[in-house]
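Could you build the full structure based on these sequences and the hints that come with them?
Which chain is which? The protein sequence lines are U and P, in order.
-4 is the number of the first residue of the first sequence in this note's numbering; add one for each residue after it.
-4 is the number of the first residue of the second sequence in this note's numbering; add one for each residue after it.
Hints are computed from structural coordinates only; laboratory data are not their basis.
Hints are supplied without guarantee of correctness; some may be wrong.
Because identical chains cannot be distinguished in the list, a pair is counted as satisfied if it fits within a single copy or across any two copies.
EDC-like mimics (lysine to aspartate or glutamate), calculated; alpha carbons at most 20 angstroms apart, straight line [stated by the list, open to error]: (1) K43 - E184; (2) K147 - E45; (3) K317 - E119; (4) K43 - D284; (5) K175 - D111; (6) K317 - E33; (7) K137 - E26; (8) K21 - E245; (9) K90 - E250; (10) K44 - E23; (11) K147 - E167; (12) K194 - E250; (13) K22 - E250; (14) K171 - E86.
Single-letter residue listing:
Number of protein chains: 2
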Amino acid sequence: MPTIRAAILGFGTVGEGIYRILNERKKEIEEQTGYTIEVVSILVRDTKKERIPTPGVLVTDDIRDVFAQPQLDLVFEAIVGEEPAYAYLSEAISKGYDVITANKAMFAVHGPALLDQAQIAGVEIGFEATTAGGVPIIRTVKNLLAGDRIQKIQGILNGTSNFILTKMRQDEVSFKEALKEAQVLGYAEADPTDDIGGKDAFRKLMILSQLAFGKQADWETIEMRGIDQVTLEEVLDAGRCGLRYRHIAEITIDETGNLSGSVGPVLVGASHPFYGIDGVDNSIILNTDYLGALTLTGPGAGMYPTGNAMVNDYIQIIGTRKNELISN
Amino acid sequence: MPTIRAAILGFGTVGEGIYRILNERKKEIEEQTGYTIEVVSILVRDTKKERIPTPGVLVTDDIRDVFAQPQLDLVFEAIVGEEPAYAYLSEAISKGYDVITANKAMFAVHGPALLDQAQIAGVEIGFEATTAGGVPIIRTVKNLLAGDRIQKIQGILNGTSNFILTKMRQDEVSFKEALKEAQVLGYAEADPTDDIGGKDAFRKLMILSQLAFGKQADWETIEMRGIDQVTLEEVLDAGRCGLRYRHIAEITIDETGNLSGSVGPVLVGASHPFYGIDGVDNSIILNTDYLGALTLTGPGAGMYPTGNAMVNDYIQIIGTRKNELISN
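Now the structure itself:
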């Protein structure tokens, strides 16, 4: 069986998730793809940190070691932040490697350039994991676009914010207390600014905009608010009126191709599809010409959901590559 | 641009939807696939019935006319009932044509045989439209299976039943009155037995079982109940307790590979994902090893949603065929 040699850049929750799934589902993935995948190197920040055993894998804190390995085929990238992730992926593409990323901060900014670069280099980019974790929204949008037209996208795209809003309503606790619980449970970062300020949801919206409409909105034209200004009193008042706060990112294309959108807390009633979406889930409504509305709901983050999205990207890419190999 | 020559068998709501979308989105589909699609023949029951104009297309009530045309590539089938649809598709496959079906009654029974026949003949079968109309559940399950394992499927799979239950609750009308309104609005057939008796949902569940678990449950082992025994009093009583009736079809695979399931009205509370699904929508929850739960919700029927599912199958099949052509 031919072998695909892969590197994993970043070995936090998501990087480890990829490694685990590739091992746990080794046989099924081989059956599905006709290829063995071998993780040959893992890039970490600190080589001394204790980790799950990765026998036979080069674990390094130097990207040059990764790229110096012979015959790399594919790079999984699960680093946080724009740089050096963008530089690494750009180099990987220029070397002819397929890349699969979970890095939304990087991809919202540099996705368009990377996609252009990849097209010229003839390599594939998987980015399912950048948006809504385990919810296959990227693939669903791609498939829909073939025979339909998307008019509007609305999403609960930040699980941390949704968890906090849910907690405030259900347990009648302040924003601050709910945030603390999210941090204890590992749903929020030590620095939660991007989550609670709306930036994380905004980035995912821009990634969806690029995919669905072929362009991002001008970033300055999208009003962006987080949930950090929502008070317990407002949440409870809303509840008494049968309403719930949801942090909603939305973007619409009009007849002339203009984009408009917003990111912020919105009150929804019981008939809104987002009314019942509690906890850390993400949910996205796609309005299209032919379907009316299609809603996808599922885990927006987590080791296995996000890792699984990246492994699915891998299987998809192998399918493409295999067809090319056959044709050569 | 190379041409795909297609026949449409059955020209009711769904058949007309396919024809409309293929025309309305002609340019986009050509750009996407690199192929022109030409509908060369339409099989109808009554050639004298008034229809939308289909210039240049052979409209016939004799299947032999369809199969006598030279160079057919693809058959869209949107007939109601097991026969003669199965015989037609079996003949189409034996002639080497790809087939795309929306016929759930036929496919629940003959799907396994058709899939076997297609594999031997080297042709493709699209059946996205058999289950949950415009909701891309078949493709989502197929993609998930590559890197994950499905444990359980739960669905609101019959839009007519869900509409009737919604109507009874919201308007406080009897089952009989709600059914009448569903018929007036075109949501229910003149003979609604299969919808309200649970058979329609049962068939879709078996199609999903075949796909997700590689086999159907023994039909006799699945308890099947419809909504026709649910009274207005029960609906209102449930409402007073914060509960709603949903008609749910579900199937689970256990560790040893045994299937168990049921089809029938179930009371759900406000935290259940189906609680908020009102009207004619379908909704499906997939429980998997890696994702936890993924929920898809959207239009379960209709000219455009169902036609669109079939056109998406076509685009998918062309992708497969194109890769094969390149490789030969």
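Numbers of the earlier hints that this structure fails to satisfy, in rising order: 1, 2, 4, 5, 8, 9, 10, 11, 12 and 14
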